[in-house]
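Grab the two chains, each in its own frame, and use the hints to assemble them into the complex.
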Amino acid sequence: GAGVSQSPSNKVTEKGKDVELRCDPISGHTALYWYRQSLGQGLEFLIYFQGNSAPDKSGLPSDRFSAERTGGSVSTLTIQRTQQEDSAVYLCASSPMGRSSTDTQYFGPGTRLTVL
Amino acid sequence: LAKTTQPISMDSYEGQEVNITCSHNNIATNDYITWYQQFPSQGPRFIIQGYKTKVTNEVASLFIPADRKSSTLSLPRVSLSDTAVYYCLVAANQGGKLIFGQGTELSVKP
Chain A
1 GAGVSQSPSN KVTEKGKDVE LRCDPISGHT ALYWYRQSLG QGLEFLIYFQ GNSAPDKSGL
61 PSDRFSAERT GGSVSTLTIQ RTQQEDSAVY LCASSPMGRS STDTQYFGPG TRLTVL
Chain B
117 LAKTTQPISM DSYEGQEVNI TCSHNNIATN DYITWYQQFP SQGPRFIIQG YKTKVTNEVA
177 SLFIPADRKS STLSLPRVSL SDTAVYYCLV AANQGGKLIF GQGTELSVKP
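Protein sequences, first through last, are from chains A and B.
Take 1 as the starting number for the first sequence in the numbering used here and just add one per residue.
Take 117 as the starting number for the second sequence in the numbering used here and just add one per residue.
If you're looking for bench data, these hints aren't it; they were derived computationally from the structure.
Among the clues, some could well be false.
[Stated by the list, open to error] Reference listing, derived: stretches of chain A covered by chain B, where coverage requires no fewer than 3 residues with Cβ under 8 Å from a Cβ of chain B: (1) 45-58; (2) 102-109.
[To be verified] If you want the ones that stay clear, here's a sample from chain A, every Cβ over 10 Å from chain B, calculated: (3) Val12; (4) Thr13; (5) Thr78.
In this text the structure is predicted, and so the values were computed from the model without any measurement.
Ideal Cβ placement from N, Cα and C applies to all residues, glycine included.
If we strip away everything but chain B, and leave its shape as in the complex, we get (with noise of 0.2 Å):
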């Protein structure tokens, strides 16, 4: 089981692109790396999720390298409403269950 490994809090202002970066040096050849946010007083909501290079939605962005050890969610121009604690998950279905970490608590500051 991959362990993963962000930082635990990240201050950013308006407007600017914020990127968290998720270690997972143990990431076996089938994993995917997905990521989820959750605002306070509620369930996680799932971003993005990729396998390799690059993948970009409506919300964000997740860079991945080639050797996959790594990952970068990507938000740009964040606003207020970004404030939420973003969980990466690598093998995020192990036979169902998803194995959160601590997650990176970004504050957008105006």
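Chain A with its partners taken away, still in its complex shape (with noise of 0.2 Å):
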């Protein structure tokens, strides 16, 4: 079956502009997560959506970023006014149920952000 899509691949965009990344879960997963990973870093939690629970946003690095998730499937995250330091590959995943910790993340191939 079809796996966690995102798009773009790429996206190249200048210091100050705003961005969206998009994510298509597997359908069917509750829980969908966004995560970043910096050049030869691993990965950095972001946001997590369980069903129509109120996200957990503590991963944020800042007020620059935000994501929704529109019925409880396909989720955006918007980075505002980027910056440099936001130039990584931002990696989504979604799971059956999420909350438990033998539920397994299925990752996408991730949408490379570079910011000139």
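Written out as structure tokens, the structure is:
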């Protein structure tokens, strides 16, 4: 079946511009996550959606970052007034249930964001 | 939150068995141990998960001693395509989010 998809695969933008990154999770998955991976670094949690509950935004690095999930499916991560330090690969994942230490997360291929 | 420690890098040759050990001294009673694999330019992929003793699937085996303070991921007869970063995670879902460490970069040579 279809996995997690993300678009665009690559995005180059100028400092100060806003960008929107899209994630299409696996159909039927309740939970959706966003992570960031900077060059040569591990993955950093950003935000987590679980069903209709309020999202866990504890990983968002600043108020320039926001995300929404419409209809419990597609999610959009928005970065306003991008800075060069925002350059990274942004990864989306989904899982069947969430909130469980045994729930497997399925990752998309990521969006590589470059801020010039 | 249990912290994990694993080697930064490992080298191996095709056909060898590779064992990557992860330390997690502060693991809690209800924590599971999960390993993910990440190839360059791809998102991480779930490999295996266990709670205690031994777990085996078509990709790898996971050995967990009785005190659960460490775990070993075993990859049998590695090939060049096993070159990747391997992440050990404990308490994989802290309210949903995964806490990744630096991982072990495995390089398989011909």
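For each hint, the structure was consulted:
no.	hint	in the structure
1	45-58	holds (count 5)
2	102-109	holds (count 8)
3	Val12	holds, 16 Å
4	Thr13	holds, 20 Å
5	Thr78	holds, 19 Å
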